[in-house]
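Taken in order, the sequence shown gives residues 42 to 233; the numbers are from the working numbering.
Hints were generated in silico from the structure; no laboratory data involved. What you are looking at is a predicted structure, and each value in this text was computed from that prediction instead of being measured. Virtual Cβ for every residue (Gly too), placed ideally from N, Cα, C. A hint or two may mislead.
[Stated by the list, open to error] Derived DEER-like restraints, expressed as beta-carbon distance ranges:
| hint | residue 1 | residue 2 | range |
| --- | --- | --- | --- |
| 1 | Leu61 | Pro162 | 49 to 57 Å |
| 2 | Thr98 | Trp191 | 36 to 44 Å |
| 3 | Leu59 | Leu184 | 22 to 30 Å |
| 4 | Val67 | Val179 | 35 to 43 Å |
| 5 | Arg128 | Trp191 | 45 to 53 Å |
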Amino acid sequence: MRFTERALNRLPRPLAELLLKYRETVKFVIVGGLSYVVSLTINYTLRLTVFDSKPVTALTIANVIGTVVSYFLNREWSFRTRGGRRRHHEMLLYLVVNGIGVAVNSAPLWISRYVFGLHVPNVSRTVEEISDFTFGMVVGVALAMVFRLWAYRVWVFPHDDARPAPNRHEVPAQAVLPAPAPAPVATDSPGA
Numbered sequence: 042m043r044f045t046e047r048a049l050n051r052l053p054r055p056l057a058e059l060l061l062k063y064r065e066t067v068k069f070v071i072v073g074g075l076s077y078v079v080s081l082t083i084n085y086t087l088r089l090t091v092f093d094s095k096p097v098t099a100l101t102i103a104n105v106i107g108t109v110v111s112y113f114l115n116r117e118w119s120f121r122t123r124g125g126r127r128r129h130h131e132m133l134l135y136l137v138v139n140g141i142g143v144a145v146n147s148a149p150l151w152i153s154r155y156v157f158g159l160h161v162p163n164v165s166r167t168v169e170e171i172s173d174f175t176f177g178m179v180v181g182v183a184l185a186m187v188f189r190l191w192a193y194r195v196w197v198f199p200h201d202d203a204r205p206a207p208n209r210h211e212v213p214a215q216a217v218l219p220a221p222a223p224a225p226v227a228t229d230s231p232g233a
C-alpha cells in the first residue's frame, strides 16, 4: 500500500474524498510549502551574511532558487498529468510565470521598505524584521502562490490528462469496523 493510501486511510472518508477531489491543489500547496522552506532558509542565510543591507536582493535570489526546486516537483508530481506543450515551450512559460511570481513576491517587501519606510533608522530593528518577514515571506508568498496556481493551470500546464498518470487511484477503502449483525429475533415456535 502506498504512503498516500495509508495516510488517506487514517482520515475520515469525507475528508479523504475532498483531498482526492482537489489533489492537484493539495500537491501544489505541499510543493509550495517545501519551496517556501527552501526560500526562507536561503533568504535568511543571505540576509545574515552577504546581503545584510539588501533584503530585496536576498529575497529575490532565494525565490529564484525556490522556483527551480518547485518547477521540477510541480512538473513531475503536482501537475504530472497536465501538459499539452513541448517541454522547452513549457519550461519557457514556467520561467516567465515565475519571473512574474518573483516580482509579485518581492513587491510587498519593496513597498514596505521604500514606500512605507519600514527600515532602520525610521523604525527599530525589531519592527524592521517583523515588517520584512510579514511583507516578504507572508504577504508576498501568498500573493505569488495564488498567481502561480492560476497561471500554471491556464498557461504552463493547460490541458488536463495530457500525460498518462502512473497510478491514479480512487478513494481508499476506509478501515472501518463492519456494522454489527442484527440480534436474532426470538420467536415462539410451537414445539418448544
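Now for the hints, and whether the structure bears them out:
no., hint, verdict
1, Leu61 with Pro162: 49 to 57 Å, "holds, 53 Å"
2, Thr98 with Trp191: 36 to 44 Å, "violated, 27 Å"
3, Leu59 with Leu184: 22 to 30 Å, "holds, 25 Å"
4, Val67 with Val179: 35 to 43 Å, "violated, 21 Å"
5, Arg128 with Trp191: 45 to 53 Å, "violated, 22 Å"
Hints 2, 4, 5, counting from the list given before, are not met by this structure.
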